[in-house]
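Please build the complex by placing chain B on the supplied structure of chain A, with the hints as guidance.
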Amino acid sequence: MSVSFSVVAVVFIAVMIIPVAWAVMLGFTNSGPFQSEATYAGLANYKAVLSDPAFWRALGVGISYALITTALEMILGVGVAILLFKSRKPIFTSLALLPYMIPTVTTALVWHWMTNSLYGIVNHVMLQIGWIDMPVDFAGHSTWAFVLISVASIWQFTPFVILVTLSNLGTIPQSVYEAAYIDGANWWQQIFRITLPIIRASILLVLLLRGIWMFNRFDVIWLLTAGGPMGATSTLPVYAYERAFGDNTYGPAGATSTIIFGILLVVGIFYMRVFKPEQEVARG
Amino acid sequence: MAKKMHLGRAVPTLLLLIYLIPTLFPFYWMLKSALGKSEDVYKPSLGIHSTSFENFAQLLSGTHFLTNAGNSLQVALATACIVVACSALGGYALARMRFKRKALLAQIVLFSYMFPEILLGIPFFAMFQKLGLLNSLSGLALAHVTLSLPFGLWLMWQFYQSLPASYEEAAEIDGASKLQVFYRIMLPLSIPALAAVFIFGFAASWNDYVLGLMLIRDDQMFTLPIAMSLFVQQMDLNWAVIQAANVLLALPGLLLVLFGQKYLVRGFQTSGLAN
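Sequence lines, in order, name chains A and B.
Residue 246 in my numbering sits at position 246 of the first sequence, with consecutive numbering throughout.
Residue 21 in my numbering sits at position 21 of the second sequence, with consecutive numbering throughout.
In isolation and in its complexed conformation, chain B is listed as follows:
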């Protein structure tokens, strides 16, 4: 019996390791290339032979990495703030207001979550050209809102629905206005869910390539993913420097998964994707 229990734990662990090795290898390869000496990068071998930070130094001195990172950061922060504000207000209104066709509205929100970026990007380009918003970070932030607003609205709608209406009723009996109820009671209660929406909005914008590719044409305004996708064509940059940039681009997301895994899983439980 004891042996059987042991085997029962060993087989899943073994299968997981078989899955994890190819999952983690690209990360190892990215780090290894980034941290190796640049002359070693074109001698493929699995082990680590040298470590240095020269690739990171060359990245910061030889490219506009910091300017592009600054652009990405501005756009991602603006996107996340707009999405949080709209999701909080909209989610609360959807959860508490009574009106006909609520099911249809839920379907539209869920459906808009499936819109392809390309379907939105081409008309955004045509519209922004008319409005003069091409090549502008605020225009890009507005376009990035489309990536996470449906999910944010959906998540907050589910979240406010899960809070009992008796909180608001009690406050209203005490003479609070609807607006006060929202700002003083419901908003503080929803900070953990709003943090999840903020992170999701930030990540969706930070990671975006498609909309940036279409809407930004001026290399001073490039966000990080667009600038890095062009590194491949730059002859003076070797693959070690490109992988160094790759490590820095991926770092925020990697840290988030490593330290916030528990909250990610819980966030999805709230979203109703898990029921």
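Bound conformation, chain A alone:
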């Protein structure tokens, strides 16, 4: 057993730990895809990144994107899960979960097409209703671009919250509700006094996961707006990608990645200290 454990430990370290250590190392060196030798750079990359206004803008955009999308995903997801649990129609559950299992490229290509400025259905309908006089160039206007990436993200990732919340609701014994019903609790009281307090711990875990995942999100944004126009939808992962593959320098990209990792670590440790989710597993 210890042999097999060692093999798995080696794989885990090779694919999870070494890349992160490597990213941290890149942040302290001058190197790039077209440079054969890496030289020690000290804190120069951090100084360059932290004095770049685009970095701070990306941090701000990333935080607002993560907060807005996470809040709406949680409210919609928990609400819809409770409704689905009550309605007991499996087909509704399947339909509500559909966006979760498709690739982000599919999401991006569909939303790209629906919001196309010349032939998109969204512009067509908004023109017909009379909300707008001119077709909107969604990816080319800073506010609309932010709305576009947020709506597409909420559309794709709310089902994750629905799925986990539904799994949780299924573990609450029916007798709890029967007792509440006998005591005269109405539907709202059952939800706010019984259901939500029971699943509180896992709602908080999902909140943490979704918040971090949205903060780290790269693909939806890159595919829909590429961080544009003029950096209006550029978040820290987009900023890091542009440093590595736009400027062809690993140093600032490594420094940015390390900063993202640091933010993650602080939030993660704070969360683990407060909620201790690992105790569930580590008892044995």
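Some hints here could point you the wrong way.
As the list claims (entries may be wrong) - Straight line, CA to CA, 27 Å or less: simulated DSSO-like cross-link-like pairs of lysine-lysine:
1) B:K178 / B:K100
2) B:K262 / A:K89
3) B:K43 / B:K32
4) B:K262 / A:K86
5) B:K102 / B:K178
Hint data in this document are derived by calculation from the structure and do not stem from the laboratory.
Then chain B, alone, in the frame of chain A:
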């Protein structure tokens, strides 16, 4: 009373429909565009006017769709197999071995589940360049393991923990070795959970865009999501053909949700995300 009960069921259903219409509309639009005649795709209207498979025919004849799909399939299968093997062995060892700092290890596994792809992708690019693994499907599969290994390990750890140790004790009394106990008893018991890990690993790889974008530069080696993201820039492909490709790319995941919804919900109950 009867009327009140009726209303009590009607309001949730109505609210669900209000949620489901915008959720399902993009799927309708994707299918409608893909199945319409190509000359109709640039005349936006909500209804369906024509159906044909010409877009799918053009997709298969005018692009490298099948080559790219083959690349995606190879990478996803390899990823899923590695993740299943590591999750089964690692999860079992973590559940049954006794050692100090187990809580810390659980934290590291849970924490690594939150690593951003971009944080892993950039060093993978730098490392693979040195190792000669850039532009190779096996390198990409190795990178894709990072997407689902933490979840797989976590799920199997929880799963084996939920099995009573008395099974193994009984087998050991009968003279079975530790390895035999694992292969003959624990592994067969865990096939449903391992199937969930396999599907999760396969889907994470099949759906990936970020790591493929960074690690594959040769268009013969592109996986499907990377190749399709470039369709937009190809002038000879209209949006009907792009949506036809989109339907095919999304199909495995859609079928999985429609037919495996029950198992998805149960899988999450095992994972401990639901407690």
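**Study point:** Satisfaction of hint between K32 (chain B) and K43 (chain B), Cα-Cα up to 27 Å
**Key:** Status holds; Cα separation ~12 Å.
Point to revise | Given pair status - K100 (chain B), K178 (chain B), alpha carbons within 27 Å | key: It holds: about 21 Å lies between the C-alpha atoms, which stays within 27 Å.
Review point. Under the criterion that the straight-line Cα-Cα distance not exceed 27 Å, is the pair K262 (chain B), K89 (chain A) satisfied?
Key: Within the cut-off at roughly 12 Å; holds.
Check your understanding: If you draw a straight line from the CA of K262 (chain B) to the CA of K86 (chain A), is it 27 Å or shorter?
Key -> Given that 27 Å is the threshold and the Cα spacing comes to 16 Å, the pair holds.
**Study point:** Agreement of K102 (chain B) and K178 (chain B) with the hint, judged by alpha carbon distance not exceeding 27 Å
**Key:** OK: K102 (chain B) and K178 (chain B) at ~21 Å, within 27 Å.
In summary, this structure violates none of the numbered hints.
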